Amino acid sequence: MNEEKKETEKFYCVFGVGEREFLIPKENVIQILDVTKIFPIPGAPDYVVGALPVKGKIFPAVDLAKVYNIERLDYSDNKLLVIEVKGEKIGILSDITPFFVSFESDIVLEDFIDPEKLFEQLKIRSKEEKKDAK
Amino acid sequence: MLNNQETIKNFLLEADDYLNILIEGVEELEIKGYNKETLESLSKVAYALKNSASNFNFNKIVTVSQKLEELFKALLNEEIKYDKSFVYQIKNEINLIETMINEIYKSGKENSEIKSLIKHEPIIFKTLLGKDRVRVSLSLIEKVYDSLGEILVQKNLISDREKILLDIVGEISDKVEKLTREINNFSNSLRVQKEKQKIEDILLDDFKSFKTKRNDENLIFPRKIKEITNDMKESIESLSLFSENLLFHLKSLNRQIDYLKEILVEISMIPIGILLYKVSEAIKEKAKEIGKKVEIDIKGTEIMIDKTIFESLYEPIFCILLNSIQHGIEFPQERVNKGKEREGHIKIEAKRQGNYVTISIKDDGKGIDAEKIKEKAILDGLISAEEASFMSQEDIFSYIFVPGFLTSDDIQGDNGKELYNVKKLVSKINGKIEVLSELDKGTNFIIKLPQSLTLRNLLVFKSNNLDFAVPIDYIEEVLMVEDFPQAFEDGIIRYKNKETPVRVFSEIFLSLNAKNPKNGYIIVFNFSGIRKALIVDEILGHEETIVHSFGDFLKGLTQYFGYFISSKGTPVYVVNPLNLFE
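Respectively, the protein sequence lines represent chains B and P.
Take the first sequence: its letters are residues 1 to 134, numbered as in our numbering.
Take the second sequence: its letters are residues 135 to 716, numbered as in our numbering.
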């Protein structure tokens with residue numbers, strides 16, 4: 001019984017930005033960190049809040065509130081949801097402690113975030129690329 | 135002509151690489167089946183191998199690789215229908231080349247006979263004989279680099295703590311010294327007191343027993359303390375001995391890490407000869423097409439360079455050589471009229487200078503007329519006539535790299551865009567290019583490159599409390615703002631008869647309203663002869679480290695080469711000064 005159930009269910013991670021909640025596939029989630037030291041990256045767009053050094057390397061942290069224009073009232077419970085997309089780590093600021101849920105796989109979800117699309121959308125473009133896009 | 139031991143060694147290294155590519159290609163062909171991409175690269179490699187073997191007169195290898203090249207081309211153009219049996223045939227020929235290369239390794243000659251074998255049975259590649267080499271995937275090397283990067287961070291961290299440890303030990307021994315002195319003084323004064331007491335005691339005999347008891351206690355206490363301090367002193371001595379020992383071991387560990395670093399850098403390096411031969415072959419063909427004859431002499435083929443640099447070096451060298459045969463070297467008749475040999479000569483020489491590699495490309499053609507460039511630069515408003523009279527030849531020639539500068543056919547290289555492009559390509563791999571020339575004698579281009587792009591020499595500086603770094607390769611000198619009080623307001627410094635434009639780092643980089651940092655520093659860059667300067671708040675020092683490049687997400691930040699993690703554990707961004715001034 002249980003095994004059958006697993007096949008039709010999909011697991012997601014829920015995180016919060018302001019009053020809104022988003023879902024992201026569980027497979028992409030690597031870890032959840034407390035927001036400790038994030039170092040600013042001068043010249044990066046405002047939604048990139050900075051870089052986190054881990055094991056001699058850095059990965060960027062983004063704030064979706066700036067991407068989706070969400071107003072933020074309470075800063076108290078800030079966590080960093082670390083996901084892996086296209087072989088790279090990215091941190092996403094969450095105003096709630098992220099948790100996992102499961103849904104039937106045929107349900108169409110609102111506020112679902114496709115990590116790859118997010119990556120492509122938020123990836124920093126060089127001046128030349130911006131010109132080409134125009 | 136090229137048959138000395140050293141160059142044969144280079145040929146063998148080259149041939150080894152070609153063989154590996156051939157083997158990989160055939161394996162790919164076997165797996166994927168007929169596909170033009172693989173066949174194209176196979177035919178290119180076979181061509182390259184043929185050329186390189188012909189340079190050394192290894193005629194049998196030439197014959198076999200030519201046969202292979204023809205076969206690949208025929209398959210590519212669909213003149214022959216591809217079927218699997220070709221794979222066996224190709225493998226056979228590759229094995230034959232390999233055998234001959236092994237023979238050259240051993241005896242310097244190719245001994246095997248070429249037999250046209252067509253066997254329809256699977257052939258397994260022989261293991262490479264007589265060569266203590268393995269193929270390593272680049273991703274593995276990258277992993278080693280990453281871990282070395284981490285080791286370097288830790289190493290720097292420990293080196294920083296080293297001083298702290300020494301300070302602490304020094305302080306403790308100082309304090310113990312003081313304590314001992316105090317105690318000595320104290321017990322001395324007690325002894326004096328006791329002496330006095332003795333005299334008194336003789337006088338006042340009645341209370342003798344009581345007082346002696348008290349005095350004994352008074353004496354035992356300092357003695358005890360003295361013993362403890364002596365113990366402490368001994369402990370401190372062994373502690374400082376221990377820390378000295380530790381530092382000694384740390385030092386030798388550091389040396390080993392540095393050594394490891396050097397070896398690692400070397401692992402991903404390729405001899406430059408492979409590239410130089412390839413380019414010069416292509417240029418000789420081109421020269422023939424336009425009716426000129428050139429001899430190309432190549433030296434320093436054994437110099438090793440970074441794989442990334444290697445890959446980006448073909449185009450700029452090709453452009454320079456093309457410029458030479460198109461505009462530098464005259465037509466045979468013209469040369470004879472000038473009293474030169476009919477054949478033009480180009481000398482390519484690679485040299486290693488410390489952490490740099492220089493490639494000098496020298497022709498004996500027309501040369502560049504410095505006076506004409508001066509006139510043009512004045513006409514274009516790039517310099518004033520007064521400045522021009524002060525300028526060195528070197529500085530004048532550097533104007534040929536300015537985009538759109540060369541328009542007149544009188545000056546060598548009517549295609550100014552091409553030379554500008556060369557400069558851009560060289561800059562991309564963090565190199566510099568200089569040009570020297572003498573009218574009617576020839577032109578000499580000198581490319582100076584860092585040997586490795588991964589391990590960089592950096593100058594670390596501070597601006598608005600953030601740490602940045604910049605590759606030392608571009609820096610000409612560092613000046614003090616206090617010596618140039620007008621730099622901030624004028625946006626220019628006058629120094630050594632030159633005017634250098636100055637900008638404030640925090641203003642252009644952090645978009646902040648710049649304050650005049652009176653105690654700041656001016657970093658003067660030299661980009662192939664063009665000087666630009668940057669005002670920063672503080673210089674933190676020099677660092678040799680592995681620079682990580684940004685991942686795909688941050689790659690668009692082209693103002694940076696990448697970053698490294700400082701000993702404090704914070705990221706330091708490595709600024710690309712070329713993009714800074716654009």
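Hints were generated in silico from the structure; no laboratory data involved.
All of these numbers come straight from a predicted model, not from anything done at the bench.
One or more of the hints may lead you astray.
[What the hints assert, rightly or not] Sample of chain P residues facing chain B (criterion: CB under 8 Å; computed from the structure): (1) 378; (2) 691; (3) 697.
Here a beta-carbon is modelled for each residue, glycine too, at the ideal position from N, C-alpha and C.
field: Broken hints, by number
entry: 1
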